[in-house]
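So the protein lines, in turn, are chains W and L. The first sequence: position 353 = 353 (full-length UniProt numbering), numbered continuously. The second sequence: position 173 = 173 (full-length UniProt numbering), numbered continuously.
The hints are simulated quantities; they were obtained by calculation from the structure and are not laboratory data. Remember, predicted model here, so these are calculated numbers, not experimental data. We put the beta carbon where it would ideally sit given N, CA and C, even for glycine. Misleading hints may appear alongside valid ones.
[Claimed, not checked] Take a look, some chain W residues computed to stay more than 10 Å from chain L by CB distance:
| hint | residue |
| --- | --- |
| 1 | ALA26 |
| 2 | LEU67 |
| 3 | GLY99 |
| 4 | ASN121 |
| 5 | LEU186 |
| 6 | ASP220 |
| 7 | LYS249 |
| 8 | ASP250 |
| 9 | VAL313 |
| 10 | GLY354 |
| 11 | GLY360 |
[As the list claims (entries may be wrong)] Partial selection, computed: residues in chain L whose CB lies under 8 Å from chain W:
| hint | residue |
| --- | --- |
| 12 | PHE20 |
| 13 | GLY25 |
| 14 | PRO59 |
| 15 | VAL243 |
| 16 | ILE245 |
| 17 | TYR258 |
| 18 | TYR315 |
| 19 | LEU319 |
[As the list claims (entries may be wrong)] Which stretches of chain L does chain W cover? Using the computed rule of at least three CB atoms under 8 Å from a CB of chain W, they are:
| hint | stretch |
| --- | --- |
| 20 | 130-141 |
| 21 | 150-159 |
| 22 | 164-175 |
| 23 | 204-211 |
| 24 | 229-242 |
| 25 | 266-274 |
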Amino acid sequence: MTKEPVAVVGIGQTKHTAARRDVSIAGLVREAAVRALEDAQLTWSDIDAVVIGKAPDFFEGVMMPELYLADALGAVGKPMLRVHTAGSVGGSTALVAAGLVAARVHRTVLTLAFEKQSESNAMWGLSLPIPFQQPLLAGAGGFFAPHVRAYMRRTGAPPGIGALVAYKDRRNALRNPYAHLHEHDLTLDQVRSSPMLWDPIRYSETCPSSDGACAMVLTDRAGADRAPYPPAWMHGGAMRSEPTLFAGKDFVSPRAGRDCAADVYRQAGITDPRREIDAVEMYVPFSWYEPMWLENLGFADEGAGWKLTESGVTELDGELPVNPSGGVLSTNPIGASGMLRFAEAALQVRGRAGEHQVDGARKALGHAYGGGSQFFSMWVVADTSPAG
Amino acid sequence: MTPAPSPEVLQAPLVVEFPFTRSLGPVQSAFLTGLRTRTVLGVRTTDGRVLVPPVEYDPVTADELADLVEVAPTGTVTTWAWNPSPRRGQPLSAPFAWVLVRLDGADTALLHALDAPGPDAVRTGMRVRIRWAAEREGAITDIACFEPYDGAEGGEAVPHTGTFTDPVRSIVAPARLDYTYAPGRAQSRYLKALAGRATYGERCPSCRKVYVPPRGACPTCGVATAEQVEVGPRGTVTTFCIVNIKARNLDIEVPYVYAHIALDGADLALHARIGGIPYDEVRMGLRVEPVWSEDGRYPDHYRPTGEPDADYDTYKELL
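Put together the whole structure using the sequences plus the hints.
Here's what the structure looks like:
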């Protein structure tokens, strides 16, 4: 029996910001969910199940927050699932929800991811004082910066590539009313001269810390027929994982990421992603991860990702726009960041991305990764249903 | 089968502690601010029930709720459990009863503590009232506890605007978790060897890779690693970053170099600090050796050996 086609018919997100002091966690997720329902012109009673994701509970210190959020998400009396795969969780949450529709377990599923970083400190949450271990790490940047240096050495990329990515994404964010950072006056020179935090990563090349939520309504073919606006159709979705550290791990281009991309392209019938995909929303928390993932995801040959960035291919008006929404570099409610990538890919093929719409986008990739480059989740969405 | 605990295995307390903040939103803000003025607020649901403590969204219809009501400070115990040995941070230091109390005017019960001389003095259906804290700040602890009460019953819930001057909009919720951390047999062996200034990895019997630090198993092959292999003490910096951010509670002056070091004989890099060289002269391929701390269990940092740099091809597979 073939799978049920999965359609995205509702998308909602909050205006991401450093601190949403006016709402509780319940109020935050509610806002995104209500907007997704409004987009789909559905009500709570139309939802058969809720699938929610967020990063580690330590981030806000609410253990199993999904239990307390059931009321806010209309999940009482329905199945509710929680997904956790570190920073990639927003993507894997959407894929778990999509699987329920594809398998015809449920017809219409609300999926949602969030983080309220203002209630805690993610750097602390990631650096618990484990006995017998030498305290060394200085946050996620300290973890990823050596891998950026390895990429530069391996490919011979000139040192200014990261700044180009950061400047592009912050400019794109100005077109996205929901983005956290709206740095209207930022110049490329300012990015290049911003403080060096974890050499080779500068301040302006790092993601902010955000409060935000993202929600999507996924449904079957019949649900898509009733949708008020054009749906985005899922053509492929995959997850892969590997250990944080193992002998032979390629931190610059992890095998789990390459395998995940290959699986998604196979499902979607894509043989030349660079030509066949019109827009990419990839998880770039530190600027250099754009060229790194361009290679890992098969958009460029090994060692050539930075050339796409340098030549403007990934600009909003380039041949392969990357992160037209402004990306993680402009908005990072950690647990929601992966779902934002998936949702922004869907917005593009629905033609509903507003000022940051990529002209003629018909097929888009959403990508997320998490942990120590150990969890990957991706989907390809398009403006036509996979069966025709 | 789980091996019996061994005196060879290290363990140590691990305390996880953080003052989380909570943005309250409109309903919890009104509820906690009310307590400050000895006012207990509930919320009326779409079907007319009164929930205390109040919630923001209707559990039945998922509607947003905003119809606040005031209920009485007196109520009835709906169920209870005796707590013979209170722990740190609990409402009372002497033994007490955990109680669910349905306040007069409410349809649901609130969890709190009942001050009672012993379990024989507690029963379901007993009447109780709030004992207010002398100093109140807009927190659930403004209710010090409940106490037995034989006075008049409170009336119906009455509408309340929920408006107060200087409302509490957020609270700090300190959290603390106490664990006993045990790093396991492989790590314990590794750490004990380090104390003797020797570094031992473990070789996978299948892929032959040497893991440092060892975890007792090869994550790629999924088999136990038992063969110990001494590695180092010298090694090669495979990659690094220069940290310019001073971490909280971390006694390292910035800038410092955080490096991945492949010890000679190891098949993956470990992470350590580089010293004994200006931070801006550290490079990939630099040859280093450990500098042991006086009383530490690990090298304090690594310093240059003075050897020529390692060729890129010798460590590029370890990046």
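Against the structure, the hints:
For W:ALA26, the shortest C-beta to C-beta distance to chain L comes to about 5 Å, within the 10 Å cut-off, and the non-interface label is violated. Separation of W:LEU67 from chain L is adequate, the least Cβ-Cβ distance of about 12 Å exceeding the 10 Å criterion. For W:GLY99, the condition that its CB be more than 10 Å from all CB atoms of chain L holds, with the nearest at approximately 24 Å. Non-interface call for W:ASN121 relative to chain L: violated, since the shortest CB-CB distance, roughly 8 Å, does not exceed 10 Å.
For W:LEU186, the shortest C-beta to C-beta distance to chain L comes to about 21 Å, beyond the 10 Å cut-off, and the non-interface label holds. For W:ASP220, the condition that its CB be more than 10 Å from all CB atoms of chain L holds, with the nearest at approximately 22 Å. Distance check on W:LYS249: its Cβ comes as close as 7 Å (rounded) to a Cβ of chain L, failing to clear the 10 Å threshold; non-interface status is violated. Interface exclusion of W:ASP250 from chain L breaks down, the closest Cβ pair being 7 Å apart, not more than 10 Å.
The Cβ of W:VAL313 lies farther than 10 Å from every Cβ of chain L, with a closest approach of about 26 Å, so its non-interface assignment holds. In this structure W:GLY354 is separated from chain L by more than 10 Å, as the shortest Cβ-Cβ distance comes to about 27 Å. Taking the minimum C-beta to C-beta distance to chain L, about 39 Å, the non-interface status of W:GLY360 holds against the 10 Å cut. Here the hint on L:PHE20 is kept, as its CB sits about 4 Å from the closest CB of chain W, short of 8 Å.
With its C-beta approaching chain W no nearer than about 4 Å, L:GLY25 sits inside the 8 Å limit, and its interface hint holds. Given the 8 Å rule on beta carbons, the hint for L:PRO59 holds: about 5 Å separates it from the nearest Cβ of chain W. Checking L:VAL243 against chain W by beta carbon gives a least distance of about 5 Å; that is within 8 Å, so the hint holds. Nearest Cβ of chain W to the Cβ of L:ILE245: about 5 Å, under the 8 Å cut. The hint holds.
With a least beta-carbon distance of about 6 Å to chain W, the hint placing L:TYR258 at the interface is held under the 8 Å criterion. A hinted interface residue such as L:TYR315 counts as satisfied when its beta carbon comes closer than 8 Å to some beta carbon of chain W; here the least separation is about 10 Å, so the hint is violated. About 4 Å separates the beta-carbon of L:LEU319 from the nearest beta-carbon of chain W, less than 8 Å, and the hint is met. Here's how the stretch 130-141 of chain L fares: 0 of its residues keep a CB closer than 8 Å to some CB of chain W, so the rule of at least three is not met and the hint is violated.
Against chain W, the stretch 150-159 of chain L contributes 0 residues with a C-beta closer than 8 Å to a partner C-beta. That does not satisfy the three-residue criterion, and the hint is violated. Note: the stretch 164-175 of chain L has 4 residues with beta-carbon separation from chain W under 8 Å; the three-residue rule is met and the coverage holds. For the stretch 204-211 of chain L, the proposed coverage by chain W is satisfied: 5 residues have a C-beta within less than 8 Å of a C-beta in that chain, meeting the threshold of three. Coverage of the stretch 229-242 of chain L by chain W holds [criterion: at least 3 residues with CB-CB distance below 8 Å; count 5].
Residues of the stretch 266-274 of chain L lying with their CB closer than 8 Å to a CB of chain W number 5, which satisfies the three-residue condition for coverage.
Violated hints for the displayed structure, listed by number in ascending order: 1, 4, 7, 8, 18, 20, 21.
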